[in-house]
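Top to bottom, those sequences are chains A and E.
Each number in this note's numbering comes from the position in the first sequence (counting from 1) with 459 added on.
Each number in this note's numbering comes from the position in the second sequence (counting from 1) with 459 added on.
Don't read these hints as lab results, they were simulated from the structure.
One should not assume that every hint holds.
Same chains, same label: a pair holds when it works inside one copy or across any pair of copies.
Derived DSSO-like pairs: lysine-lysine, alpha-carbon spacing no greater than 30 angstroms straight-line [unchecked claim]:
1. Lys588 with Lys1048
2. Lys588 with Lys841
3. Lys611 with Lys1005
4. Lys581 with Lys611
5. Lys1048 with Lys611
6. Lys984 with Lys926
7. Lys783 with Lys1005
8. Lys558 with Lys474
2 protein chains.
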Amino acid sequence: MISDVTIVFEPEGKKVVTSRGKTVFQAAKEAGVGLRSECGGGGLCGKCRVIVKNSDAVSKLTEAERKHLSQSEIDSGYRLACQTKIIREVIVMIPPETKLEYHKIQVLGLERKVELNPSVMKCHLLLPKPTLSDFRPDLERLLNSLSKQTQKAVNLEIDYEILKKLPNILRDANWDATVTIWNDYRIVAVEPGDTSSELFGLAVDIGTSKIVGHLVDLTSGKTVGIESIENPQVIHGEDTITRITFAMADNANLEILQKHAIDCVNRVLHEACRKARVNPGRVYEVIVVGNTAMHHFFLRIQPKYVALSPYTPAVKSSINIASKELNIKVNRGGIVTILPIIAGFVGADAIADVLATGIHESEKLSLLIDIGTNTEVFIGNKDNMLCCSCASGPAFEGAHIKHGMKAVSGAIERIRISPDLEVAYKTIDDAKPTGLCGSAVIDVIAEMLKNGIINPNGKFNSNIKTKRLRKNNNEMEFILAWNNETTTDREITFTQKDINETLLAKAAIYTGCKILMKRKNVEEKDIGRVFIAGAFGNCINRENAKVIGLIPDVPTEKIEFVGNTAVMGAKMTLISMGMREKAELIANKVRYLELGNDSDFNQEFSKALFLPHEVKQTS
Amino acid sequence: MISDVTIVFEPEGKKVVTSRGKTVFQAAKEAGVGLRSECGGGGLCGKCRVIVKNSDAVSKLTEAERKHLSQSEIDSGYRLACQTKIIREVIVMIPPETKLEYHKIQVLGLERKVELNPSVMKCHLLLPKPTLSDFRPDLERLLNSLSKQTQKAVNLEIDYEILKKLPNILRDANWDATVTIWNDYRIVAVEPGDTSSELFGLAVDIGTSKIVGHLVDLTSGKTVGIESIENPQVIHGEDTITRITFAMADNANLEILQKHAIDCVNRVLHEACRKARVNPGRVYEVIVVGNTAMHHFFLRIQPKYVALSPYTPAVKSSINIASKELNIKVNRGGIVTILPIIAGFVGADAIADVLATGIHESEKLSLLIDIGTNTEVFIGNKDNMLCCSCASGPAFEGAHIKHGMKAVSGAIERIRISPDLEVAYKTIDDAKPTGLCGSAVIDVIAEMLKNGIINPNGKFNSNIKTKRLRKNNNEMEFILAWNNETTTDREITFTQKDINETLLAKAAIYTGCKILMKRKNVEEKDIGRVFIAGAFGNCINRENAKVIGLIPDVPTEKIEFVGNTAVMGAKMTLISMGMREKAELIANKVRYLELGNDSDFNQEFSKALFLPHEVKQTS
């Protein structure tokens, strides 16, 4: 018989009862304690580091742990949660670098003014009461009044649930009621009295790591509440591929991912409504954007074929689903609209980026880069557009980097290295540093290159004399912060492996830009504007981004950070039906280029692995 | 504490455990034992007669029972089930006249040929497999193939449940699949392989007392199975008003009535499919007709306002609902369509009658009478139509008549009285008689009138000398069958009250016809055809129907019995989209006349109480 055992997670002191033999990782997952993991608990990423207080209460060290942990760490009690089985009552410390923290999320972005023309409208009606000479049925009575008031013929469907209650609603309201109509053809609510001033919608961006929602007053088009939370799917992997693998293993897993996504939207809705004092029952429409994996998770569509060549999604066009079918807790008759996607790795969020920046309507040739684990790149103007997806990996989000972390308090976000090879840095909230986030990753590479610490091929220059450069576990690393400066009492370093990881990431993005430019037959000088979207964008040092060759070499003033354009684009489609049509047009008009399929990809990628990148050879 | 007690229903020997103090009627209802009742257990109708074997096991006789039972009946152990409370273990005999029997139901009717053009169509597709140069999403791939094959642009919605499964369905089917499309705009099924030959629909008439369904092969338009069952709602009252009262008492009751209706449709579906060896998953559409009360019960819409002046239904136009929302067990993506109604007492069944008889397209002036508890009457031709509803009551269905019964085995269906006042009758199945059904009710009045047993005012002629005419419990009655001829060992009689009841019924129908003729400004001679629809129609003696003045005096050859035109009309709309549009047109074109509101109603009704009816006075 499997017996129960208690595990206590410190520093919160959260006590959890689990079954003997489970791993610390499993126990944390069950208890909703967020541990970092990029491999979902497979012992591959080495991110789920914990400190076990009583080592005899757990299983022995595994090979995987010996690989990911240094001897001194092992001596201090460090273990990988996914490798450590619980034998008896145990206390486990979660160090700051392992904890999934709720950090400030980029909730705003570039927004363009759009005409107020939402898909839901309300109409307050004073209906004539039935009499023996006017015995029109309730629905027809209502439709006739509506037609009279709006001065146009109406031929509307009605939600069955509302029809069922219609006779009672109208009589209880004494024939004074407000009708809500969606998309000019469906009655989604009939409410007693005049509620026409209460008309709200929610625009949500379901990101791989965060969910951001804007609660919008659809009578004015104004945002009345913004709410953001971490995506709890992260428990099942930090990147989409790990989560897709999790979903593929079992249909129940896919259900778990959907439930996370739905719960998140409900939490964002609930909080935004609570703070803005809006009744969630007066929210009639939700617009959802997200990358293709999030899109499939949200809809509980098998995402397997998105991950496997030829990377085929289930559906491209936008989808409207009754909120009750998804259990989204807006008005019972409300509608959830998922915007269209472009391809397996270019989702509705990217379409929202295009809408928000307006590059599809501009004369100027624009380059739009939404940097994330997957980076989407668009090039084009009002005449035509090309896009691709770059498997950039999460290096610029602080993941896959030894001391990398998200942009939370204590993360180093800016780095300068002086000619005497001394390091200056700035942390978020000016707190004691715990690690470094994406913007600092760009800085450190650029600064090391400028100071000759590394060569254009990304290798450490062993001729450099500084005690900050050292060999550790057979690997060269550069010390950014000494152990006495940090919260972890360990040095924060940047290793040769980190450099390699970053070069792969930046090469992926640069190659994407480059190939799109080639296919479009344009050069750097032709590019009018470069938009950089994404959560971490605003903190990037634009010069350094060019120094390392993350983006094409255009004049700095042409580079614009636009923030979370995904949620802003979603909001635009919430406010305006016209924008929704444009989203559909963009989805159909943009030509998607599968980079893996491009004959120049390998050559361009190899070149891009140099810093900033191999100069074109004149033939 | 309430203790349990056992009750045994004979002759089936069904044993039921119930609570002490409940009535026999309640116990029977709980156990699903069908007892006749017109008042739903209120002690008013006297129909729930049972024989209690051990009288000391039940409560004492009530006033209501003394009123409805004769002394000799009381001596034989007769009780009213609704008045009899169970004290201890008891055996209760249900006599044949009380049992709700499953009798042969009129399942066919006049049918007109219609063009085969159903709302569901199938298309078998061989899809190109995705490749790196053709990575169209699954749905768009399917739509493109569909467009190519059907040679027209397609812009279809897809059921969310199907979309969820689409990637797996298509790959499991190796890209060889059949798509089912409803109404040219919604994908309701995607099935592996070629299933295009399996396309079925169900047309159902939900009648107050019976449910009839036709299973139709939509590739040919042919009926492949017919199934009919009694409406189990009858437990909650034989007529619609009793059931509406039941529904008004509690929302849970309305739910019970809906569940009965849904279960019935599922039973009809299941049986018809089983016998025809059709997979219910290949049934994609259900067309439902029924009177307005049945319509509201089926949709679980509060029917209260249909019963109260000004008799307003909730909705007039046809409604399409996902089968899964109603729990109708056809294909998961199937659609249930409820045809439009005209008014509170003229339902979708009446529209189906019009469709089936085609009176709305004929040059000839037609009169259509669908006789039931509620009788719907239409007059008109292709130019315009008038209709009304007559509260005829259930006399012609054998109810509210002392020895009346449904048209089941043992019911007298034809009666002749010879000049020597002797009675000849014919029973259904030539069985020993138990009572008389509706057609015999018409005969007995007509024959008594012709032989001077009753006067034109419907009173017994006390000068007539025959031992068949007697006074019983202070009421005159005419003996149709002697006690030694019957199954009940009691005489079958026709009482003064029965005559009065019948006169009210026939007067209601005749007045309906008469007022419609007046409002249309036509006379008997202008009427080209008279259609009599309804379950009992076929057995009526047309001459006698005219003798008693049930219908206007037109040449007999103009009178046509058309049977169950409701289900035939429903079938026509199942086969042809065009018919569905016509149903909508009929609903909007027919003018409904509220008889209770007509200034001539009282005068006409008084006249119609005479046999055949008071002759017009020449002024």
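Hints, one by one, checked against the model:
1. With identical chains, the CA atoms of Lys588 and Lys1048 are at most 30 angstroms apart between copies only, with a shortest distance of 23 angstroms across copies and 51 angstroms within one.
2. Within a single copy, Lys588 and Lys841 get their C-alpha atoms no closer than 54 angstroms, and across copies no closer than 33 angstroms, so neither meets the 30 angstroms cut-off.
3. Neither within a single protomer nor between protomers do Lys611 and Lys1005 lie at most 30 angstroms apart by alpha-carbon distance, with minima of 57 angstroms and 51 angstroms respectively.
4. In this homomeric assembly, Lys581 and Lys611 come within 30 angstroms of each other (Cα to Cα) only inside a single copy, at 15 angstroms, whereas the closest approach across copies is 36 angstroms.
5. Taking the shortest Cα distances, Lys1048 and Lys611 sit within 30 angstroms of each other only across copies (21 angstroms), while inside one copy they are farther apart (34 angstroms).
6. In this homomeric assembly, Lys984 and Lys926 never come within 30 angstroms of each other (Cα to Cα): the closest approach is 42 angstroms inside a single copy and 119 angstroms across copies.
7. In the homo-oligomer, the alpha carbons of Lys783 and Lys1005 never lie at most 30 angstroms apart, since the shortest distance is 48 angstroms inside one protomer and 57 angstroms across protomers.
8. Taking the closest pair of Cα atoms, Lys558 and Lys474 come within 30 angstroms of each other only inside a single copy of the chain (16 angstroms); across copies the shortest separation is 66 angstroms, beyond that limit.
Hint check: violations occur at hints 2, 3, 6, 7; the rest are consistent with the structure.
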